[in-house]
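Participant: Work out the full structure: start from the sequences and follow the hints.
Residue numbers (this note's numbering), protein chains in the order written: chain A, 1 to 171; chain B, 1 to 341.
Please keep in mind that the hints were generated in silico from the structure rather than gathered at the bench. Any given hint could be a false lead.
To be verified - Negatives, chain A to chain B, calculated, CB over 12 angstroms:
id : residue
1  : L5
2  : F59
3  : Q141
To be verified - Short, incomplete list of chain B residues facing chain A, as computed with Cβ under 7 angstroms:
id : residue
4  : I25
5  : E26
6  : P28
7  : L39
8  : M94
Said to hold, decoys possible - Just the calculated beta-carbon pair ranges, DEER-fashion:
id : chain 1 : residue 1 : chain 2 : residue 2 : range
9  : B       : D230      : A       : A150      : 28 to 38 angstroms
10 : A       : E170      : B       : P22       : 15 to 25 angstroms
11 : B       : D127      : A       : A156      : 42 to 52 angstroms
Glycine included, C-beta positions come from ideal geometry on N, C-alpha and C.
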Amino acid sequence: MSDPLPLAQQGDQDAFEQLYRLHAGRVYALCLRMAGDAVEARRLTQDVFVRLWERLRLFRGESAFSSWLHRLAVNVVLADRRSAGRRLRRVVTATDAPAHEGAARQAWSPEQLDLERAIAALPPGARAVFVLYDIEGYDHQEISALTGIAVGTSKAQLHRARRLLREELER
Amino acid sequence: MSARDDQHRRDDELLARVHRLPREIEPPADLWRDIAAALSPAAAPRAIGGPDRAWGFGPGFLAWRAHPALAAALVLAIGASLWLHVRNRPGWRMEATAGAPVLAASTIATDASSTARLAVGHIGDVDVGPGSRVRLLAAGRLEHRLALDVGTIRARISAPPRLFVVETPSATAVDLGCQYTLAVDPRGGSLIHVTVGWVELNGASATSVVPFNMSAYSRPGGAPGTPFADHADDSLKAALYRFDFERGGEKALRVVLAAAKAPDAITLWHLLERTEGTARTLVYRRLAALVPPPGGVSEAGVLRLRDRDLLAWWDALPGSPGTLPWWQRLAVRLSAWLGVL
Chain A
1 MSDPLPLAQQ GDQDAFEQLY RLHAGRVYAL CLRMAGDAVE ARRLTQDVFV
51 RLWERLRLFR GESAFSSWLH RLAVNVVLAD RRSAGRRLRR VVTATDAPAH
101 EGAARQAWSP EQLDLERAIA ALPPGARAVF VLYDIEGYDH QEISALTGIA
151 VGTSKAQLHR ARRLLREELE R
Chain B
1 MSARDDQHRR DDELLARVHR LPREIEPPAD LWRDIAAALS PAAAPRAIGG
51 PDRAWGFGPG FLAWRAHPAL AAALVLAIGA SLWLHVRNRP GWRMEATAGA
101 PVLAASTIAT DASSTARLAV GHIGDVDVGP GSRVRLLAAG RLEHRLALDV
151 GTIRARISAP PRLFVVETPS ATAVDLGCQY TLAVDPRGGS LIHVTVGWVE
201 LNGASATSVV PFNMSAYSRP GGAPGTPFAD HADDSLKAAL YRFDFERGGE
251 KALRVVLAAA KAPDAITLWH LLERTEGTAR TLVYRRLAAL VPPPGGVSEA
301 GVLRLRDRDL LAWWDALPGS PGTLPWWQRL AVRLSAWLGV L
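Facilitator: Shown next as structure tokens:
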């Protein structure tokens, strides 16, 4: 299969769908873990790909496309977290679905599912730092730049998240 | 084994489990359908959503839908909305209202003595003031989008929310059914003043929701400023600017809090998520003194920015849609839809 990126950059929607099929799983995983619920993750994933469609022509190939898209997704999710508009929209979303309902077709071990649920139950600030640091591999400086929190706060949130997770999983 | 060693071991075990998590999670099978519909103006129009909470149609809405007259009004409103949506033919149309504005390559430029009026499909119009540069970015059934690089526009939009978007160098204004004036200075900073309805202002790192009779500044590269009321004390406005854009910190925040009155509650509500630690506690206490949190809203929940608590409080703030009587909410909504304001 040829690379759909150049065609998608020219506005070809079929090529853009191919890009979506290639990358949606990674983006959805990020959104689901950062948001902690499936309804929000669905909306965020949609926002990411709509934003991608708008900005695709700005991608110049200076980094891997997957890295560029991942950074775009992180920015969309973090901007949404701070958004007062999100709070207003949330009241009209449907009843929150179970966090991993959309992933029912995927094979999950009970251990993985327990961990995902424990992550989803973390307080939002601690969850964001944990996902970015321990799952997505950002360092504290990068998290500070992305989220606007101090490096020390990021470290404290990570410590707190790990402690809460350990307590939950060892219960 | 020391306590520290034990903690390291348990952290390692946790991280080992984390690293076994899948990198990808299969999204809902029908998600692409929604994305494709949002991308393509030619695709089937998106269903008109339910009444927008921003206009106050919350859970209380269910309580009065049994009234036949209100039900009829609602049917009328939905019908009008659908009609507006269907008749929303994409496109722009410019006319000079003074002097000789220049239209070239989808860019409108006015000099010191010229102005223009831009028809936005059939959903409203935009007055372009002197010394402005406006670029027309997109015109579709689902969105009309333009960029204001410098100068002033006044927008009057009568349509369901989110159909009209204006980009500036510092923030993006998303119309939620309203009238507003937006000015951009040569350095990219902006000031929005909303006269009817609401505008969502999205910046690089946050969002402000600016209701009618309020304004907000924005500066490139940062979060949009905190909204402030037209009649707020001048000392509040000045200190808020220092807090938002000049690293005014807690000193500026204390001036804002001291000058705040009940009509400034929406300003303080926005500050809850722009502060941390003791500063957030100060904001909480001042807001609670001006507008006590409704039952069920806990201090701990607000300080943790728990959505449920923040939203419940938001609905109780003076000037928020939740505090308007139903007939006023309906009138505003209908007016926005029908364009009679």
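Participant: If a hint holds in the structure, say so; if it doesn't, say that too.
Facilitator: Each hint, compared with the structure:
1. The Cβ of L5/A lies farther than 12 angstroms from every Cβ of chain B, with a closest approach of about 16 angstroms, so its non-interface assignment holds.
2. Non-interface status of F59/A relative to chain B is upheld: no Cβ of that chain comes within 12 angstroms, the nearest being about 17 angstroms off.
3. Residue placement check: Q141/A keeps its beta carbon more than 12 angstroms from all beta carbons of chain B (closest about 16 angstroms).
4. For the restraint placing I25/B at the interface with chain A, the shortest Cβ-Cβ distance is roughly 4 angstroms, inside the 7 angstroms limit, so the hint holds.
5. A least Cβ separation of about 5 angstroms between E26/B and chain A falls short of the 7 angstroms threshold, and the interface hint therefore holds.
6. The closest approach between the C-beta of P28/B and any C-beta of chain A is roughly 4 angstroms, which is under the 7 angstroms cut-off, so the hint is satisfied.
7. Checking L39/B against chain A by beta carbon gives a least distance of about 5 angstroms; that is within 7 angstroms, so the hint holds.
8. With a cut of 7 angstroms, the hint placing M94/B at the interface with chain A is violated, because the nearest CB-to-CB distance is about 24 angstroms.
9. The hint said 28 to 38 angstroms for the Cβ distance between D230/B and A150/A, and at roughly 35 angstroms that hint holds.
10. In this structure the hint that E170/A and P22/B lie 15 to 25 angstroms apart at CB holds, the actual value being about 23 angstroms.
11. Taking the beta carbon of each, D127/B and A156/A are about 50 angstroms apart, inside 42 to 52 angstroms as hinted.
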